[in-house]
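Trainee: Sequence:
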Amino acid sequence: MFTGIVEELGEVVGVERRGDATRLTVRGPVVAGDAHHGDSIAVNGVCLTVVDVSGGDFTVDVVAETLRRTSLDKVEPGRLVNLERAMPADGRFGGHVMQGHVDGTAVFLSREPEGLTHFAFPPELGRYIVEKGSIAVDGISLTVAGVTAEEFTVALIPTTLRLTTLGRAEPGDRVNLEVDVLAKYVEKLAGVHLRGASVDNGVGKEDA
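Heads up: the sequence shown begins at 1 in full-length UniProt numbering, then just goes up one per residue.
I should point out that these hints are in silico values taken from the structure, not numbers from a laboratory. Hints may be right or wrong, so weigh each one.
Said to hold, decoys possible - Cut-off 30 Å, straight-line C-alpha distance, at most; resulting in silico cross-link-like pairs (DSSO-like, lysine-lysine):
1. Lys132 with Lys188
2. Lys132 with Lys184
3. Lys74 with Lys184
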């Protein structure tokens with residue numbers, strides 16, 4: 001599990017295409033400092049498993065499903081990425097509950113001088129994005145400042161702009177989105193009961 005507090009801005013230093021998968025080597029001395037084979041590290045919000053560590057670099061494999069759903073499909077050497085180690089059981093909970101399971105990608109639209117930043121999101125994720133709710137953008141825990149049918153806005157503080165990839169984003173860039181997992185569970189659990197209530201109410205009206 002992650003909380004969306006980026007620990008380090010890393011750099012992709014190696015990309016090896018392996019059929020449908022890709023092996024990435026990332027330079028991140030902070031997160032690699034105590035990393036071991038099998039550990040989980042979030043790379044731009046994508047939970048990946050460490051397969052090798054060498055000095056300040058770590059290597060991960062990205063499978064076809066992950067490439068299809070995330071912006072890592074176009075990653076090249078030199079790209080900067082947000083890095084976060086999995087949260088320890090006794091760690092401080094700084095952001096919100098995140099799994100590192102990306103739901104889709106959004107498009108960076110613009111950033112206003114005061115930090116308000118606008119993204120266009122895919123329609124199927126709109127029902128999970130609510131004003132003042134939590135959302136992860138490239139692995140950063142953020143609060144939704146506003147939302148319309150097609151866009152959402154977050155307010156980025158100078159520290160976030162300086163220490164993460166969002167401070168370097170350009171209009172048209174794709175970013176990874178992870179919506180609030182609690183909302184997805186609530187929707188699935190409540191949906192069964194709501195559909196049942198709808199059927200029951202409909203039958204009652206027809207009988208009447």
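Trainee: Could you run down the list of hints and mark each one as holding or not?
Mentor: Verification of the supplied hints:
In summary, the hint linking Lys132 to Lys188 is supported, as the alpha carbons are separated by about 22 Å, within the 30 Å threshold. Restraint check for Lys132 and Lys184: the C-alpha separation of about 17 Å stays at or below 30 Å, so the hint holds. Proximity of Lys74 to Lys184 is assessed by CA-CA distance (about 28 Å); at most 30 Å being required, the pair is judged to hold.
Every hint, counting from the list given before, is met by this structure.
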